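Novice: Letter by letter, the chains look like this.
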Amino acid sequence: MKKGRAGNHFEDFRCGMKIQHATPRTLTEGDRSLYIGLTGSRAVLGTAETNAQQLGFERRPLEDLLVFNTAFGKTVPDISLNAVANLGYADVRFLADVYPGDTLVVESEIIGLKENSNRKSGVVYVRSTAANQHGLEVLSWIRWVMVHKRDHGAASAEPVVPAMNAVVSPGRLPRRKYAMDVREIVTMTGTADLWDDYAIGERIDHPGAMTINDSDHSIATRLYQNTARAHFDGFAMAAAGGQRLVFGGHIISLCKALSYDGLENGLSIVAINGGTHVNPTFTGDTIACATMVLDKIILGVSNVGALRLRMIGIKDSSASSIVFPHPGQARQDYPSNVVLDLDYTIVIPKKS
Amino acid sequence: MKKGRAGNHFEDFRCGMKIQHATPRTLTEGDRSLYIGLTGSRAVLGTAETNAQQLGFERRPLEDLLVFNTAFGKTVPDISLNAVANLGYADVRFLADVYPGDTLVVESEIIGLKENSNRKSGVVYVRSTAANQHGLEVLSWIRWVMVHKRDHGAASAEPVVPAMNAVVSPGRLPRRKYAMDVREIVTMTGTADLWDDYAIGERIDHPGAMTINDSDHSIATRLYQNTARAHFDGFAMAAAGGQRLVFGGHIISLCKALSYDGLENGLSIVAINGGTHVNPTFTGDTIACATMVLDKIILGVSNVGALRLRMIGIKDSSASSIVFPHPGQARQDYPSNVVLDLDYTIVIPKKS
Amino acid sequence: MKKGRAGNHFEDFRCGMKIQHATPRTLTEGDRSLYIGLTGSRAVLGTAETNAQQLGFERRPLEDLLVFNTAFGKTVPDISLNAVANLGYADVRFLADVYPGDTLVVESEIIGLKENSNRKSGVVYVRSTAANQHGLEVLSWIRWVMVHKRDHGAASAEPVVPAMNAVVSPGRLPRRKYAMDVREIVTMTGTADLWDDYAIGERIDHPGAMTINDSDHSIATRLYQNTARAHFDGFAMAAAGGQRLVFGGHIISLCKALSYDGLENGLSIVAINGGTHVNPTFTGDTIACATMVLDKIILGVSNVGALRLRMIGIKDSSASSIVFPHPGQARQDYPSNVVLDLDYTIVIPKKS
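Protein chains in written order, with the working numbering: chain L, 1 to 352; chain W, 1 to 352; chain G, 1 to 352.
So here's chain L without its partners, still in its complex pose (with noise of 0.2 Å):
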């Protein structure tokens, strides 16, 4: 048998395949350190020891999109090597915190495939989830991306198109407990604004904004041990008149350490509900972002609430030119300059 695969293409998938990825990934303090020096996170938790302690934690759990990006890039080598584009998530649900020294197992089911009307590309949605070393499972998503056919006149199953909430219900939001007196956050940010202090409707225009230069994003994608051809081999690339892509992940990252003026006393991402990235981002490209707030939800604890968030994400332009495109907008509708339309929850310290 040949060796080297090449990763599969659209006519080697079929409903209810399942597939467990290589190779389990651990993570520890060196993965955290080169999160925050690619991306400028200052998330409270995986700042400082102490904070994470002060908020109810052992220890500093990892930050949340790391842990995703992670898992996402255990997925690639068997689901979107040979991907067109990454098309959009769904249901992504943070199910419990990882620590340095916890191992990801990253596994995933293809619930739905529709080829495209020109053959020569098809649609592959997949549910994966990963678990730690001790088989609990700490992240679960869909998410569904365009996929090469090897062989444009393969023929093809019926088409299958999962149904997918557009929001992950408060009841299938993670219960986690933090201590008592979370909102001693305000002396660790140095900001007042707790989840009380946000309104449905209210714009937060984030004031940072982030060039992209090409190892940045190369680096981030690698340390993902994220292999997609589309973000490395720039020769073929070009070849092809084009030049290498920015993963999405990335952005993902970039926008969200963006956020954090503005959104400081953020604890952690809860869920996904949806999210596209909506054009293609190149080197050299700086990054802005605009949070609008969608919902404002009580958990069954007295001390944190939930906030759902909608962040577009925009290149060279600020933040405060972001117009947010009507829901469900379709992908070619959007502006040529926004490059992430993100929905999301988190959880916030309330106020008694």
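Don't take every hint at face value.
Stated by the list, open to error - Residues on chain L that point at chain G, a partial pick, calculated with CB under 7 Å:
#1 25
#2 214
#3 215
None of these hints come from the bench; they were simulated from the model.
The model shown is predicted, which means the values in this text are computed figures rather than measured ones.
In this text, a Cβ means the ideal position worked out from N, Cα and C, and glycines have one as well.
Model the placement of chains W and G on the given structure of chain L, informed by the hints.
Specialist: Then chains W and G, alone, in the frame of chain L:
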């Protein structure tokens, strides 16, 4: 209240104002690795656990300038997010070692304010201190920085310019204990030159040179969680006719790493007496440096002494081409390729 | 004596000269993370703690080439700071695993010297060894390197060219113990090919390709504390009509990482039989590679065998375009896009 605060402007500061900076930061072995990868540091104490133990330490302390740059970064969102330029340092004292796992907490006091005659900006003088998780002060420094006014018409108080000493006097240098046989350092570095072998007025042209890539300084600056816009927002900088500036702390770190060749047996920085980033540095610049021995200081211990050094950093020229500027020379009289003029004090083993 | 020594030139070396290299280096989990971020390595032993334990290790050893490049870097200030080019490797043996927290101490002996006919430079042959903090030898290698003369008129001794074996004989390969059920590796990598599934003469075109960014190789080379000027001083390289060269060790690491697809179940490198950096590599080059199986070696244990492999690295061309050069082909006869010709031996599980 509007969220996503965009930092203080000149008129927001008052003399005597105290600021507790967000959010404390834990440093780890991951940060050390990244520091070595970004600067090429070969400092003997930080490079090997075995070195540190032979020199009388329980374990490897973190590099002095990793601590300095991280602590500095904590002050940026409150002090210098809207800085025009970081003008100078004085009375920087490294009071205790920082180890992997330690958490830095940083606070500042405004000690001087002086509006510029154009009334568009002003100089802010700040005394900052970093303590570890046990409340032990590890670093104390003064810097002054030119900050934009938000409203050019805003009134300003009488100017206050704090008195600052030109040098940290020997009595104020930290006293640390080293192993009795600290001069065995020469078996680690392969270099015999100890305190006794340096002469006042001696000049050392460090042989290396380092070209700065965009991700080098961007990753370093993000690692320090320094959010100053001028380092990151290439779009805004280009719109204003400029480009992203390299963080001055990265230049100090690079020059310090280059100066290893010629100062191999230096153990620790104990003070920065003064320093100026004379001209800006950009991606693609190649940095070289030379050192002059300004003074030799006898400490109250028998096995180590201190050297007061002046290090000049230059871009796109050889170290041998450096002309040491007249002390106290006005900023505008420096040659345009000089980027750093730093007066600092190190501890180095003495012969018996 | 003048400080800031600028490395040895050809006439400074003598056969039999022994050099203890400065300064020992402790490797950590931080270095591992950075190595993954810089190379994209997915090596099964280094990626997850759980993998290592199932394969019979107490914990994850560090990647072989992180150890090799770090140990190599230690020799640069004494051996190759003034190198024209690193010409080749022989008899490289990986004798014991290195773990986070281990400290490498490196020493060398000059075993050959041969002046070039132009009398401007000469070839220096060096045997180097790295030991850990317990004095256990972990790595031993020969390399030869062309070094500038300081004084073209300096006299040279008679040429000495050491005898070198073309291959590390099976009896000199290290013996390590693996868990009895080491072939369960296929559940970790998802790939069934073990020692038995490779045939002598079989060729593997590895499907990936990697474009090298300037910070990628600069950070890697600094992480190894390799100070060779040619990698860092862009100003001097441009003044001489050239540009910075990518460190050859980074190319070996990249090719090794790309070769994961097709050699997924390789456990460790045990030897580099020989190798040459045939042509230089620069920022922006895209690297691809192919492997040919040269030999299958039966070791004195039942559950693993060794494969002797030849890996050719190429720039800006596809792996499938590689023509394996005639063994022993003269350097100048290689196509200009071939950058690496490496003959090395790995251990891989056997079927019962």
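Novice: Now look at each hint and say whether the structure bears it out.
Specialist: Outcome of the hint check:
Nearest Cβ of chain G to the Cβ of residue 25 (chain L): about 5 Å, under the 7 Å cut. The hint holds. Because the closest C-beta pair between residue 214 (chain L) and chain G is about 4 Å apart, less than 7 Å, the hint holds. The interface hint given for residue 215 (chain L) is met, as the beta carbon of that residue sits about 3 Å from the closest beta carbon of chain G, less than 7 Å.
Consistency note: the structure conflicts with none of the earlier hints.
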